[in-house]
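Sequences are here, hints too, so could you generate the full structure?
FYI, in the numbering used here the residues of the sequence shown are 1301 to 1492.
Hints were generated in silico from the structure; no laboratory data involved. Possibly wrong hints are sitting among the right ones.
Unchecked claim - List time: in silico DSS-like cross-link candidates among lysine-lysine, alpha-carbon distance up to 30 Å:
| # | residue 1 | residue 2 |
| --- | --- | --- |
| 1 | K1427 | K1449 |
| 2 | K1413 | K1373 |
| 3 | K1373 | K1395 |
| 4 | K1352 | K1406 |
| 5 | K1341 | K1467 |
| 6 | K1311 | K1373 |
| 7 | K1406 | K1455 |
| 8 | K1467 | K1395 |
| 9 | K1406 | K1426 |
| 10 | K1395 | K1323 |
| 11 | K1400 | K1352 |
| 12 | K1406 | K1485 |
| 13 | K1467 | K1455 |
| 14 | K1373 | K1404 |
| 15 | K1426 | K1395 |
| 16 | K1395 | K1341 |
| 17 | K1400 | K1485 |
| 18 | K1404 | K1449 |
| 19 | K1485 | K1419 |
| 20 | K1433 | K1341 |
| 21 | K1455 | K1485 |
| 22 | K1413 | K1426 |
| 23 | K1485 | K1404 |
| 24 | K1341 | K1400 |
| 25 | K1341 | K1373 |
| 26 | K1419 | K1455 |
| 27 | K1413 | K1367 |
| 28 | K1427 | K1485 |
| 29 | K1455 | K1433 |
| 30 | K1352 | K1404 |
| 31 | K1323 | K1311 |
| 32 | K1427 | K1341 |
| 33 | K1433 | K1449 |
To be verified - Derived CB-CB ranges, DEER-like:
| # | residue 1 | residue 2 | range |
| --- | --- | --- | --- |
| 34 | N1445 | S1365 | 38 to 46 Å |
| 35 | V1381 | G1456 | 18 to 26 Å |
| 36 | D1397 | A1428 | 17 to 25 Å |
| 37 | G1490 | A1452 | 15 to 23 Å |
| 38 | D1416 | E1349 | 26 to 34 Å |
| 39 | G1456 | I1316 | 44 to 52 Å |
| 40 | T1402 | G1313 | 39 to 47 Å |
Idealized CB from N, CA, C, for every residue including glycine.
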Amino acid sequence: MDEVIKNNYDKDGNLINRSIVPKGYDSVEDFLKQVDDTTIKEFGYDSVEEFKSVVGYVDDFLNASPKNNIINKGLAGGTHVQGVDYDVLGFPIFKGDNLKFTLKLKEEYYVMKDTDQFKECTRILKKAIEEGKVSRELFTPQQLNQIEKGRARIKGLTWHHHQVPGKMQLVLTDIHGVNHLGGNKLWGEGIR
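Written as structure tokens, this is what we have:
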């Protein structure tokens, strides 16, 4: 096994498929015996079903091409030098002051150019601010102006494609710069 990627071979030594295995566990099933919908949150997921969905997308991605890999898989279960924790599969966990907002896109927005997708994310954020669900205090005057105008890109912030299908997070651009396999490659068909 290569950190979190297990290669499965036939009796002749030919690669059959590749699968993700949570770091520190023998299998996905072994990991799932240790968590429930409450404890899975410690690993950056909202539910066991959400985690299973990600495993399916990652396995499909790994088997689509032998070149496909999980960037920074060696950090699975650890912390990047910039202070970003990585989950047991090798994905960054953006949280605290680094995370401004999280939303779930409707499926019709999963596969489209970033600009269109990000405008929809900003529209949802603007509505959340207007409804008092998100504090205006989280943003600079310039950022608030860009949100009001429905801009796709907000200065100093980046819309992150989480590995969970449709989940988008608005994170600090500097922190988002840590290398990672993003959800755009898993559920967004890699369209930029």
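Cross-check of the supplied hints:
no., hint, verdict
1, K1427 to K1449, "holds (12 Å)"
2, K1413 to K1373, "holds (27 Å)"
3, K1373 to K1395, "holds (19 Å)"
4, K1352 to K1406, "holds (19 Å)"
5, K1341 to K1467, "holds (15 Å)"
6, K1311 to K1373, "holds (28 Å)"
7, K1406 to K1455, "holds (25 Å)"
8, K1467 to K1395, "holds (14 Å)"
9, K1406 to K1426, "holds (17 Å)"
10, K1395 to K1323, "holds (21 Å)"
11, K1400 to K1352, "holds (26 Å)"
12, K1406 to K1485, "holds (17 Å)"
13, K1467 to K1455, "holds (21 Å)"
14, K1373 to K1404, "holds (25 Å)"
15, K1426 to K1395, "holds (20 Å)"
16, K1395 to K1341, "holds (12 Å)"
17, K1400 to K1485, "holds (23 Å)"
18, K1404 to K1449, "holds (21 Å)"
19, K1485 to K1419, "holds (19 Å)"
20, K1433 to K1341, "holds (21 Å)"
21, K1455 to K1485, "holds (24 Å)"
22, K1413 to K1426, "holds (20 Å)"
23, K1485 to K1404, "holds (17 Å)"
24, K1341 to K1400, "holds (18 Å)"
25, K1341 to K1373, "holds (20 Å)"
26, K1419 to K1455, "holds (14 Å)"
27, K1413 to K1367, "holds (24 Å)"
28, K1427 to K1485, "holds (28 Å)"
29, K1455 to K1433, "holds (21 Å)"
30, K1352 to K1404, "holds (17 Å)"
31, K1323 to K1311, "holds (26 Å)"
32, K1427 to K1341, "holds (26 Å)"
33, K1433 to K1449, "holds (19 Å)"
34, N1445 to S1365: 38 to 46 Å, "holds (42 Å)"
35, V1381 to G1456: 18 to 26 Å, "holds (21 Å)"
36, D1397 to A1428: 17 to 25 Å, "holds (18 Å)"
37, G1490 to A1452: 15 to 23 Å, "holds (18 Å)"
38, D1416 to E1349: 26 to 34 Å, "holds (28 Å)"
39, G1456 to I1316: 44 to 52 Å, "holds (46 Å)"
40, T1402 to G1313: 39 to 47 Å, "holds (44 Å)"
Of the numbered hints listed earlier, not one is contradicted by the structure.
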